[in-house]
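Student: Read off the chains here:
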Amino acid sequence: MAFKEILLNMGPQHPSTHGVLRLKVALDNEVVMKVTPVLGYLHRGMEKLFENRTYQQITPLTDRFDYLAAISNNLGYLLAVEKLMGIEVPKRAQYIRVIFTELQRLASHLAWVGFFANDIGAMSVLLYGFIEREDILEIFEEYSGARLTVHAFRVGGVPTDINDKIIDMINTFILKLPKRIADIETLLTGNRIWKHRTIGVGVISPEDAISLGLTGPSLRSTGIKWDIRKDIPYSSYQDFQFEVPTSANGDLYDRYVLRLEEIKQSMRIIRQALDTLPQGETLTKVPRVLKIAPGEVFHSIEAPKGELGFYIKSNGTDKPERVKMKSPSFINMQSLETMCLGNLFADIVAVLGSLDIVLGEIDK
Amino acid sequence: MIEKLENYPLLKQVYQNLENRFAGALLGATFEKDELCVTADRSNLISILEFLKNDNGFNALNDMVGLDNMNTKKEGEKRFTILYLLYRFPGSARIRIKVDIDENETLPSIYSLYRASDWAEREIYDMFGLNFSGHPGLTRIYMPDEFKDFPLRKDFPLEGK
Amino acid sequence: MAMMIFIFFAVLSVITAVLIITQKNPMHSVLYLAFSVLSVSGLFFTLQADFLGAIQIIVYAGGIVVLYVFVIIIINLNQLVPEKRKLFPRFFITAVPLVLIIEIFYVFYKKIKTGSDISIVAESMKIENLSKMLLTDYVIPFEVASVLLLAVLIGSLVIARKELKNDTK
Amino acid sequence: MSNSLAADLIIPIIKIIIVGLFPLIMVMVMVWLERRVVAFIQLRLGPNRVGFQGILQPIVDAIKLFFKEDITHTGVDKVLFNISPVLVLFSSILAFCFIPLGGTMQIGTYNLNFWVAESPVGLLLIIGISSISVFGVIFGGWSSNSKYPLLGALRSVVQILSYEIPVAFSVLSIIFFSQSMNMIDIVNRQKDAGIWYGFMLPVSFVIFWISVVAETNRAPFDLPEAESELVAGFHTEYSGIKFAYFYMAEYAHMVLASSLAVVLFFGGWLPPFPNVAALSFLHVIPGFVWYLLKIMFFLYLFIWIRGTFPRYRFDELVRLAWKWLIPLSLLNILVIAFVRSFA
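Residue numbers (numbering that gives the first Met the number 0), protein chains in the order written: chain A, 0 to 363; chain B, 0 to 160; chain C, 0 to 168; chain D, 0 to 342.
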């Protein structure tokens, strides 16, 4: 008279699979026996598309990968292209790029805190996160005219300089944000239910994390200090002072605390970048039709969700031979089953939320 | 090209270790844009990766990339290339292993070395139709199971039939 | 008026009781069991035995029948399968209702002889009297019943535990 | 003759109709209030288009649900599927018969009581009747022939059965003091005692309130319908008017729980400090208004809790009931019995 194993299909239409993801879950009563993600519901063949677009045309398309952090995708792709061409980006453009990618990191992390809390049932936090994210999106709109798919950078720099109005907006936002973060911390960090739900759940060991290729805050929560901004600096990150927060337990609570800490560090970087913004050009001269000599390059950046890498192979024409994207969500998603096994059904949702996945990036 | 390695003591050391261990077995090596790329043969791929992982500390697989060289390959070269991008904590060094493979050949799966290769190999199988022997569940990852073609091959049509 | 309501509940409880055993689907049986229990509690109310009626709802409708439902879901019993039973259980199954029927007739017989009315029933069903009786005159049966329940509890735990071991480990 | 007919038949019927409508009206108020209050907690506006400040929103919602297609998909056990929404809604409305919505009001020679039925075991009956809604939940979940509702139903049965025990124990401490299970007596004893039981027995009240929130399946105990994992729990497959029944039943249950809290722990229809002469002017306000004010406070508390807390996990929820609330309530009863018999 034992309870038979239940096979449950979560998704592709399910409130908390963060998009069109399907999970095949095997449950023994409420205990998770097996989780198999089924991908491909949002597959758009981006990599094939890239092979038939010029280098400049690809830049706005990268916005569509991780649509919650479009600017980071721009930056990752452009840095790879620039490395392949061997162009040096002006210092002022590099700083502007840093400011916007860090703002994007704030937006992504704020949205993450909201989604994650909503997955665990604290629905107010979602809107607290979103109301601040709204301010960031307004800054983007002021700068580029778009809110979500921003297309903020170009090959060789940034298209327009930032003006005083944008700097003012950023400054007011930076002043406002700590209060909202304090609100979120009051609601969650000390809450007993929150602690019950997150401490000791979705634990992954450092060895497993490395073997599974986990990156980003999830990796740092296991105690491995690995942040590409620090270890292989790009786009002038070496000029700024910031900490790489780590913690030891590798559970959901650590990931949450880490991300809040990263928000604070990002604000620090933005403040420094605004204070020391150098004068000068924002865009180097780049030929209108980019023809890149045959060669190959791999460059990765620290996107909000983890390591975002682009492998580009050129063939001498104005279109790339192959663009391969190493998307952090795709890699992080592999560790879902390792984190979920033996936990309860409700924890799948929490773990999935903690991984910070975006289906646009997983399915490419 | 390899001479530029002088400025990168860690990579230089790794390269020398590889040279010593697999004296004649390495098919070539390049060092471009700060990236070391070693070409290996299908037969000694696993032993090279094992050596890199266990003795040189390349403990993480960053990504696997499949390439279809149909339009660029010279006569007698194999059609596909698989790249293994490796990574090491700590030390932040990267190395790229390149293996050429033809359509009907299979590569050994490296799932036993790097669990991250699970989905990466499935993706290459899905997109290029290349097989990996010893993979725990080599099924299509993006395209539907009943799909016949391999989208990232260069001869996949861009428009409808 | 009170008599009408009594008859209504009495007929209802008999009908639902019959429906319990004629249903093919065990879940429907349980539904009618719940209705039957509720109509019996209605009988208690018309007899002014409010306490018994309330207890009937809480313990039987709210507790035991729900546990039946639980068990049916867990063992996934969709259809009743006719079963070949041995002689002794067969005898047991027929004997118990028979004894009950004999008892009912005996009570009727006594009632006709002595005569009785609802007020006596109501008097003895008051909470004060009931609790006094339970803790004085009937204290031994009361305690024995609780020991029985404890035994059932432990027994079910033992059975469930064994299953779990075979299943997962 | 006609006078007694009015007293015996017509007035009770009117009372039954009013008491039947009262929870439904409160449901409408609650639907609007919840959406607005939660919206303000979350820095949104909430519904504000239909009528003044969106006050007609629940009616519009009801009309929408009423005319929506009622989908009964294949493989459903039709009998149970159709009966369970009715069971859930009516069990919670039925319990209102025993709740005193106000005190006795004298109109001429006739004493108008603000309750439908008075029973010496009213308290037990309310607890029993409201527990019938478990059937609706579990039948609804099982008959849907779908896995999410089934899991939701199983969870809710475990939850309701677990939390009924601390509710019963905390109510028992009330019975110790009032020496009656009659709801009207309990209020009158609070008047005699001069203090509401909630202030006299704070531990009982806290246990009662936590358990009652859990029994009504509200956040942070809304596991049977946890939308982030079980979509909508036991009523995932319901649509149209049947879904509206479940929806209304949840709110009716909240109103019932608040009413119980008010009557048992906060003096029902009594104004604050009923025996203090200086505050006797408070008696001018009818009892029904006091009752309404008090339950509105508790209904607001429900919404407030929902806007603030994350959701419990299933094992934590059961652990809270069996390892904390039940031992605590037993201890509480022991202490109260001790104090009661020696003081």
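FYI, nobody ran anything at the bench for these hints, they're computed from the structure.
A couple of the hints might just be wrong.
Claimed, not checked - Computed list of lysine to any residue pairs in SDA-like fashion (alpha-carbon distance at most 25 Å, straight line):
id : chain 1 : residue 1 : chain 2 : residue 2
1  : B       : K97       : B       : F146
2  : B       : K153      : A       : R52
3  : B       : K153      : B       : I100
4  : A       : K224      : A       : D207
5  : B       : K32       : A       : M84
6  : B       : K11       : B       : N43
7  : D       : K322      : D       : V202
8  : A       : K33       : D       : D314
9  : A       : K224      : B       : G56
10 : D       : K322      : C       : A1
11 : C       : K109      : C       : A1
12 : A       : K82       : A       : D207
13 : A       : K175      : A       : I165
14 : B       : K147      : A       : R43
15 : A       : K318      : A       : L48
16 : A       : K284      : A       : L125
17 : A       : K23       : B       : Y110
18 : A       : K229      : B       : L10
19 : A       : K175      : D       : K146
20 : A       : K194      : D       : S161
21 : C       : K131      : D       : F337
22 : A       : K229      : B       : N130
23 : D       : K190      : D       : A260
24 : C       : K23       : D       : K146
25 : A       : K229      : A       : Q271
Since the model is a prediction, treat every value here as computed from it, not as a measurement.
Student: Does each hint fit the structure? Answer for all of them.
Tutor: How the hints compare with the structure:
1. B/K97 with B/F146: Measuring from Cα to Cα gives roughly 28 Å; hence the hint is violated.
2. B/K153 with A/R52: holds (14 Å)
3. B/K153 with B/I100: Judged against 25 Å, a Cα distance of about 15 Å means the pair holds.
4. A/K224 with A/D207: Roughly 15 Å separates the two Cα atoms, so the pair holds.
5. B/K32 with A/M84: Within the cut-off at roughly 10 Å; holds.
6. B/K11 with B/N43: holds (21 Å)
7. D/K322 with D/V202: holds (16 Å)
8. A/K33 with D/D314: At roughly 19 Å apart (the allowed maximum being 25 Å), D/D314 and A/K33 satisfy the hint.
9. A/K224 with B/G56: Since the Cα atoms of A/K224 and B/G56 sit roughly 16 Å apart, the hinted pair holds (cutoff 25 Å).
10. D/K322 with C/A1: violated (46 Å)
11. C/K109 with C/A1: Roughly 24 Å separates the two Cα atoms, so the pair holds.
12. A/K82 with A/D207: Status violated; Cα separation ~32 Å.
13. A/K175 with A/I165: At roughly 15 Å apart (the allowed maximum being 25 Å), A/I165 and A/K175 satisfy the hint.
14. B/K147 with A/R43: holds (17 Å)
15. A/K318 with A/L48: holds (11 Å)
16. A/K284 with A/L125: violated (43 Å)
17. A/K23 with B/Y110: Answer holds: A/K23 to B/Y110 is near 22 Å, not above 25 Å.
18. A/K229 with B/L10: holds (19 Å)
19. A/K175 with D/K146: violated (45 Å)
20. A/K194 with D/S161: Holds, at about 23 Å.
21. C/K131 with D/F337: It holds: about 20 Å lies between the C-alpha atoms, which stays within 25 Å.
22. A/K229 with B/N130: violated (38 Å)
23. D/K190 with D/A260: holds (16 Å)
24. C/K23 with D/K146: Given that 25 Å is the threshold and the Cα spacing comes to 23 Å, the pair holds.
25. A/K229 with A/Q271: Since the Cα atoms of A/K229 and A/Q271 sit roughly 16 Å apart, the hinted pair holds (cutoff 25 Å).
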